[in-house]
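Q: Each chain, letter by letter, is given below.
Protein chains: 2
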Amino acid sequence: MDAAEFRRRGKEMVDFVADYQENIEHRRVYPDVEPGYLRSMIPSEAPLEPESYEDVLRDVDRVIMPGVTHWLSPHFYAYYANSTSFPSILADLLSSGIGTIGFTWAANPACSELETVMLDWLGKMLQLPEDFLSETQGQGGGVIEGTASEATLMALLSARLKTVKCVQESDPQRSEADIISKLIAYTSEEAHSSVEKASIIGGVVIRMVPTDEHFSVRAETLEKMVAEDKATGFIPFFFCATLGTTPCCAFDKIDELGPICNAENIWMHIDAAYAGCAFICPEFRPLLNGVERLQLQLRLPASKTDREAHEAIDESRSNFLRQIGFDCSAMWVKKSADLTRAFQMDPEYLKHENQGSGLVKDYMHWGIPMARRFRSLKLWFVFRMYGLSGLQAFIRKHVELAKTFEILVRDDNNFEICAEVVMGLVCFRLKGSDELNKALLKQITRTGKIYLVPCRLRGRFVLRFVVCGRTTELRHIQEAWKHITELSSKLLQNLFDHEGKEN
Amino acid sequence: MDAAEFRRRGKEMVDFVADYQENIEHRRVYPDVEPGYLRSMIPSEAPLEPESYEDVLRDVDRVIMPGVTHWLSPHFYAYYANSTSFPSILADLLSSGIGTIGFTWAANPACSELETVMLDWLGKMLQLPEDFLSETQGQGGGVIEGTASEATLMALLSARLKTVKCVQESDPQRSEADIISKLIAYTSEEAHSSVEKASIIGGVVIRMVPTDEHFSVRAETLEKMVAEDKATGFIPFFFCATLGTTPCCAFDKIDELGPICNAENIWMHIDAAYAGCAFICPEFRPLLNGVERLQLQLRLPASKTDREAHEAIDESRSNFLRQIGFDCSAMWVKKSADLTRAFQMDPEYLKHENQGSGLVKDYMHWGIPMARRFRSLKLWFVFRMYGLSGLQAFIRKHVELAKTFEILVRDDNNFEICAEVVMGLVCFRLKGSDELNKALLKQITRTGKIYLVPCRLRGRFVLRFVVCGRTTELRHIQEAWKHITELSSKLLQNLFDHEGKEN
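Going down the list, the sequences are from chains A and P. Taking our numbering, the leading residue of the first sequence gets 3, the next gets one more, and so forth. Taking our numbering, the leading residue of the second sequence gets 3, the next gets one more, and so forth.
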């Protein structure tokens, strides 16, 4: 395919994408395919000679589309969907077209520098304390990680290394392995599974902190656990707080948890992968309050002396903003050296003359993968094409639609709301057994008209309804509720008939 | 931006990308900017109100392009560049347009299933043993990781977990921490720095294996180190072989190393991030020989009994094929459960009814990040639009051009070739001091006409010339050599004049 053909095919693909998104709501949101459907539809090996582009595109319609779960559909209410936006798609196309791999500054200065400035823009939109910004020439700064899981893992691994060094400063004889075996991480029992995964990768014990009646981690609970663990010779080193948990969008009380982490030399990482983007609205920003109170002293854990050693780091990150689409998870740290020192490698082939200048950022030291796409272009395009006001409007619309859905649920005596509706997530269930609710969800999934996933709250099976779509409007919410109540009425009727027969 | 505007802007962007790539060779390949150049060119915060698309696109030319290192330029000979191709860009655009996040099968069945089949296609192109394919309904299969670094890390972490479990089976009292402190990984002294990084993340010791005169790891060297380490109570558990090292494209002798790893219960991971793609050509496939001889028995390390326990895994992976562009690193394993069991999490919100069927793959368990783009589309488009023959032609052309460059270097008495030219990399230097060669590279970088990076071979500073570009032709190689010799002649003349004065 030469450039002339690319011009033609590329424009067709732009229309294909536009058509797809314009007509997406008429598609079945959850596909009607059986496991293994695809293999028999295509050859078992790659062709020896080139095929025509027409054939490939025809197969997209024939083979791919019937098996796609349509994340961008207004009928998609599952997980915490990252929507995307047209400016983000354009920026991604530009990124593919430039085809850069930006591991060091020299590998692409524009890629490295735009990332630094965009994370400052975003930090300011979130009203992060200045310590987290790069422009203040302090020690902090932001980075784009591929996913929230990677951000949490980076934080935990960096905290592990830092704590090992701290302990060894006061007790040089102690081996790394021995120290690591005594480390304890903490997170909410409601935290995302990626936090536990990070602890397994890091080879450290993690304890799940029980939550209060609002599903929030409170200071006294964490404090008690930390005290217990210290008393038995363990070293508390890491706490991952969540702002907007996956099951029910609960908020840990970071304003009371921060001081404990400071006092106990615990690295606090704030996972705000879902709710973080809402903090650009002044009315939601108070949920992030406390981030500025986190102290900058780390005393040696398990040390006899109490001298100051390193600076603590706190972080906040998010799959920021939903308009940006996937693979762009922002993370900030107060002291970037704690990240970069952890895993810095400098082979000859990656050296460049501006390396030691302190003026450039080699982002390969800030994450697990070394190579990276030019992702800051997405942030730049989206921030400019929407403006802060446009992005705020999106957040507010989603929250408003969720509140509308909440009212519909509350007005129906067969249903109950299972957690406070703070943002775009509504947790609800039929009054009755888990089996009944599982049967309802199964019906919803089989019908394929809307797509939801469940969660467990206090052991009960609960349905999650997340408003995240760029094109989701009031009518979609109303239709969805009508559909749910129709299915549930049938279920309840069957149950009633069945019970009638049994009596 | 609505769909109508996206249609217009998207088509403009397609032309922008086509124009960029068509005219790229007239650009300075390495940018002439100072660290920090970008910040002053754009505002210090995001706009409150939306800006016009024209302004954004104008700034791409004004702000971004002057700071880009042009990886797709035919004058780019640095690192091991991943080129990209028009079919890959189209597939990426489609992936952005669908906007899916495929962590489980249910999250997008097409995404999960196409990945499985494409890795089989690629495995067959590479003539991998059947154990590595999914279609054989065995225990093996392939996965797309974001980067080669992540693939190596996943392998090392899975091997760590597997070894800990093995040891604990025979010695249940032994703690995980104690076992991990005794684990030893091995890799070539010439291996990519990401292998060492993986060992730091995994918290295990790594030993660098010295290479022979061809920069290859040989069996007897590894065998000796393993014996030494076992004698002092350590547990050898992981060896990362390299086929196509980063400094000079050397090949570890996997045909002789495999049997040792089998005998010693060492998980062998083959890093072929650069050279792997060439194994689709019959003339290069012998370099992968030995992969089929790896055994399927793992005996308990440090165990008194010698009973069989698990199956060993070997892997081969590559940033496969250069036409596919970045963030698509293929990895195969013989027993996928060793990967997936290592870090499997199953929260309620990720469960789906086909989970336990054995028919579907939830790729979130196969890597570090849980979420993933629809990357197999790139493989599908590229395989079909080029055909195996077209992809082989690319590899052969690059190798041929590299051989041509080698001849140019050999014909010049001022220069020497520093390592055997097997594929697209030529390692060369001016006969003389490291300082002289550093001065030459500095001149090359400053001039910005071509871009190379250095390496160290046996302590000496060496220049690397990599032919990887989709559009690199004979005339570019000739121009590059002319440029290098012009700069070196000046340098040598200056040196001569200077020495003349001193005498």
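Any given hint could be a false lead.
Same chains, same label: a pair holds when it works inside one copy or across any pair of copies.
[What the hints assert, rightly or not] Using 27 Å as the maximum straight-line C-alpha spacing, the simulated DSSO-like pairs for lysine-lysine come out as follows:
1) Lys492 x Lys13
2) Lys440 x Lys226
3) Lys226 x Lys405
4) Lys255 x Lys405
5) Lys226 x Lys433
6) Lys353 x Lys492
7) Lys13 x Lys353
8) Lys444 x Lys433
9) Lys433 x Lys353
10) Lys433 x Lys503
11) Lys444 x Lys167
12) Lys405 x Lys451
13) Lys484 x Lys167
14) Lys255 x Lys226
15) Lys484 x Lys353
16) Lys451 x Lys433
17) Lys126 x Lys399
18) Lys451 x Lys13
No wet-lab data here; the hints were simulated from the structure. This structure is a prediction, so every number in the text was calculated from the model and none was measured.
Q: Decide, hint by hint, whether the structure agrees.
A: Going through the hints against the structure:
1. Lys492 x Lys13: Classified as neither: same-chain Cα gap 47 Å, cross-chain 49 Å, threshold 27 Å.
2. Lys440 x Lys226: neither (37 Å within a copy, 59 Å between copies)
3. Lys226 x Lys405: This pair counts as neither: shortest intra-copy Cα distance 36 Å, inter-copy 68 Å.
4. Lys255 x Lys405: within (23 Å within a copy, 64 Å between copies)
5. Lys226 x Lys433: So Lys226 and Lys433 fail the 27 Å test inside a copy (36 Å) and across (68 Å) alike.
6. Lys353 x Lys492: Classified as between: cross-chain Cα gap 25 Å, same-chain 67 Å, threshold 27 Å.
7. Lys13 x Lys353: neither (40 Å within a copy, 39 Å between copies)
8. Lys444 x Lys433: within (17 Å within a copy, 73 Å between copies)
9. Lys433 x Lys353: between (63 Å within a copy, 22 Å between copies)
10. Lys433 x Lys503: Result: close within a single copy only, 22 Å intra versus 96 Å inter.
11. Lys444 x Lys167: neither (51 Å within a copy, 38 Å between copies)
12. Lys405 x Lys451: within (21 Å within a copy, 59 Å between copies)
13. Lys484 x Lys167: neither (59 Å within a copy, 52 Å between copies)
14. Lys255 x Lys226: Classified as within; 15 Å inside a copy, 56 Å across copies.
15. Lys484 x Lys353: between (61 Å within a copy, 25 Å between copies)
16. Lys451 x Lys433: within (23 Å within a copy, 71 Å between copies)
17. Lys126 x Lys399: Answer is within: at 22 Å inside a copy they meet the 27 Å cutoff, but 50 Å across does not.
18. Lys451 x Lys13: Neither way: Lys451 and Lys13 sit 31 Å apart in one copy and 33 Å across, limit 27 Å.
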